[in-house]
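S.K.: What follows is each chain in one-letter form.
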Amino acid sequence: MTGTIVLACICSPLHALPPSLGLGAYLDAGDSSLSPTSGTPYADARFQGTFGWRMALAPGSYVAVTSRASVAPYLATVSGYVDNELLNLELGLPVGADSVILGAGEDSSLSNQTGVGTYAQPAWSAEYRFARDAGGLRPSFTYLGRYLYEQLGSDDHLSQGFQLKLDRSATVRLETYGALQGGWELWTKEQAVDSAGAPTGALRQDWLAFLSAGARGFAGFSVDWFADASAGVRFSDASTTSTGVSQLVLPGGSRLTASAKAGADWTPNRFISVGLHGDIQNDWYFSRDGLNADGTFSASNLNVLAFGGGLTVDWTPDNAFYVVFQTDLSRAFANDPGVAQWSATATVGVEYSF
Amino acid sequence: MLSLAGVLLCAAPPGTAALDLESVLKKSPYSAIEKQTIHSIFNQADQAGVPRELLLPRLSEGVAKGVPFGKTAEVLTNALAWLEKARALMESTPEGRALASDPASWSLSATLLETGAGEQEIQMLEDAAQGKSTSYRMAGFLHASLVSWGLSRPLSLQVALAALRSVVAPERYLGIVELFEQGRQKRISPERVAERVMEALKTAKDLDELRRSVLY
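Here the protein sequences line up with chains W and F, keeping their order. When we follow our numbering, the leftmost residue of the first sequence carries the number 1, and every step to the right adds one. When we follow our numbering, the leftmost residue of the second sequence carries the number 355, and every step to the right adds one.
To be clear, the hints were calculated from the coordinates, so they are not data collected in a lab. Don't take every hint at face value.
To be verified - Taking CB as the label site, the calculated pair distances span:
| no. | chain 1 | residue 1 | chain 2 | residue 2 | range |
| --- | --- | --- | --- | --- | --- |
| 1 | W | 308 | F | 379 | 19 to 29 angstroms |
| 2 | W | 313 | F | 388 | 41 to 51 angstroms |
| 3 | F | 525 | W | 58 | 27 to 37 angstroms |
| 4 | W | 350 | F | 388 | 31 to 41 angstroms |
| 5 | W | 328 | F | 394 | 33 to 43 angstroms |
| 6 | F | 488 | W | 58 | 42 to 52 angstroms |
| 7 | W | 81 | F | 521 | 45 to 55 angstroms |
| 8 | W | 223 | F | 379 | 32 to 42 angstroms |
Claimed, not checked - Cross-link-like lysine-lysine pairs, in silico, DSBU-like; alpha carbons within 35 angstroms at most:
| no. | chain 1 | residue 1 | chain 2 | residue 2 |
| --- | --- | --- | --- | --- |
| 9 | F | 540 | W | 261 |
| 10 | F | 380 | F | 425 |
| 11 | F | 425 | W | 165 |
| 12 | F | 540 | F | 556 |
| 13 | F | 439 | F | 486 |
| 14 | W | 165 | F | 559 |
| 15 | W | 165 | F | 380 |
| 16 | F | 559 | W | 261 |
| 17 | W | 261 | W | 189 |
| 18 | F | 559 | F | 486 |
Using N, Cα and C, we set each Cβ at its ideal position, and we do this for glycine too.
Just chain F, with the same shape it has in the complex (with noise of 0.2 angstroms):
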């Protein structure tokens, strides 16, 4: 299951980060020339215009589950690789391009990336999103669970951009991921709740009356 942890966390005030990234430090078990890696990885960030708290996440649960200096280097520097093309691909549309400056959408889009999602997925999302950076991460969030869950990755967008076109309320897209499940109870294959799902939510109010349609 990828880790949609760090998509989360929105970005820090500005001047909080290098104190953050000190914070992070003092309390992992590198050496000195480590930490003068991971400075140099935070470096790279600055310069590529990358803000650190997109990357900080990743130190810190690194740092926090004990994992090896080496693969948590390894990691930031593909995530910053991963955060520069999903810069390059946002920057590409009129859309993608409002949602760039969302840090959580950018760093959303660099998650997709990275867990396999196809560079015309994401353009599809920031298409029906319309530059609204709730809409499209809270659908990047239901695509890349479905995905996670056992749903297939053309289906699952399927699904997210019914939900984009629909009137439900963006921060309530998480709850399709539990019809799936609900729908698993009894029977019901992710498929055909799929089927459903996509038809209910052209007229669905809400998230009740989705449920409805759908679980029977």
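Extracted from the complex, chain W is given alone in its bound form (with noise of 0.2 angstroms):
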């Protein structure tokens, strides 16, 4: 979810360019181990609409606003569908040579196949964005928040955080960045617990802090690359890591995770794109123990390791008109059966482009 702030000062309208339309109809199928029935393959086919649209106020200035909305009814072993709206706007302002940009949206759905009911998640950011210097470097602030509502679920709770980012770019095929992120969140259907795990009557609350890294290249002449790397603590007020306290039932899970992700597109002519990506994360809890297969409680902590990858290739005649194809895999390993977890997905579709 993008999010920048933008100090207000609205002027007439210079220039608005037609904004972008797009629908999309495709079969996807795909098998899961938190499927609607765990296990079952599944299919379904999915609508997909949208729309993008950027206006210049001023010099400098402008407004902007993404959507895309989707529906997929299930096709023969499952019932029901799957719904998902998605909204940015995005408001920016000069302020000399740097710009401060406002950002909002929000995220939701209102089918009940992953049992969390209807859900939504509006969000909110501000930035401010230093001129890049002769060196190339842009340091840059942000504020972000969210809330997430469910239904039924338990995770809805609301987010504030902080990004400090440096970012350079050296040339125009390398760029370059690092960054700190900080957050509080505030869980609103959970409740802290005391050292002995029992509930404390006041909400959960977690502090999150982030360090990551990476960088973006443009290769050859076809060829768009990135590679970010990320390290960070959460810790949270429900859970304990006192002895003899079952953490396993704790809603909350303070751990360290590190985590890394890359891809590429090669897009050597208007006509065909291929892109591969891939991402592994590991998470420690240093508040949960594992569970054996015998359903005893493991000696260690709960460590979950998951890989992730996906290949994407689309080719049209007329970039109006486009064929898609999806390939998506995911692993989780951990000790603890409960836990882990995994995902296959194939996806066919027609896209076009109006």
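Put the two chains together into one complex; each comes in its own frame, and the hints tell you how they fit.
M.R.: And the structure:
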């Protein structure tokens, strides 16, 4: 979810180019340990619409909106449907050579296939972005907020965070960045616990801090690539490291996390594109036990290692009509059978861009 | 995809060209007669006032890739002809004459002609570059790259000219090619991306601003 803050100065609109409109129809097939009927392959027919529009308000200032909506009724073995709605608004203004950008958006679903009922996740952000210096360095500071609402689930929480970022565009072919992120979460349906693991009556609070770094580049004349790495910690007062407490049932999960992801898109001409991506993440819980296959608690803390990857190929004869193929795989290993997960999906579809 | 490698090479210092030719021929599988033919082509270049370093990359590439002698000789002969034609074109305007003294710009003009660019296209780029060789070369690369990628020649030229008229640094022009590829990922047609790029280049200070203006 993008977000930047804008100091408002509503001026006469200078120029608005035509919006982008797109429609898509797909056939998805897959299987997952988390699917509505776990372990049963499923298929759905998905229909999607996209919209994008930007208008300059004054030199250096603009307003932009992007949205996407999809609905996917299941076919054959599974009943029901899955839907998703995304909306992003962005408003930017210059402040001398710098810029300030405000953003707002939402991510929602009406269906209840994941068991949490209807969910909605509004988000907002504000960014002060400095101009690049002669060496290509650009600092920025961002405030981020969001709230997750789940009709039936218990992951409802308010999130407030910040990011300090320094990125460098040394050449047109390589950009690098380093960032520090911090955040605080207030979970409105879960309680903090004391050292004995008993609820205290106060709402759960989590604190997060992460460091990240990455690069993106343009190789040859047709390859876009990226690589990111991140490491950080989450402290939750809904978890405890005290011995003798059944940490497994506590809602929180204080943990260390390290992750990395990379990918590349090869677009040799306007007609075809091939994309490949992969990611890996490890979570070391220092407040939850693992679980053995026989149901007894493991002597070691919960450890989750997850891999993912995907391939996308699309072809178009005229840059209006597209044929798309996509496949994604993911696997999580853990010393807890209930946490280990996997999924595999494949999609074929057509899109039309107006 | 046309090979832009040759135009990226800067002119070699005087006195090193003969050594480079010999060292390249030493690595080749050519017979004595074939090497003599290559020497003859380079001697023609000397008589025509074409620096040897503008032909050496073609020869080196042919030897490295194992291209048959006949094909390499044909490429060198054609390259020499295009360089002479490019020089005549560049020396017909004041802006072109200023650029012709830069071997890399001269070589780029020859490559553009060889790959189908019209004389008027090249002269329009020369005029807009206002005698600045870096601007001319980067705009030429941009134009050639976009045509090679699939954008129409007239529209690609318009984009390159818009870049030359903007305040975006010439060293960043290649990033505009990336915008077309990223726009395609977002299902924005290349023609629409071109329209957005040309509009945004009127006010964008840098590539970051251009990217925000185009990719939505």
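S.K.: Where does the structure disagree with the numbered hints, that is, which hint numbers, in rising order?
M.R.: 1, 4, 5, 6, 11, 15
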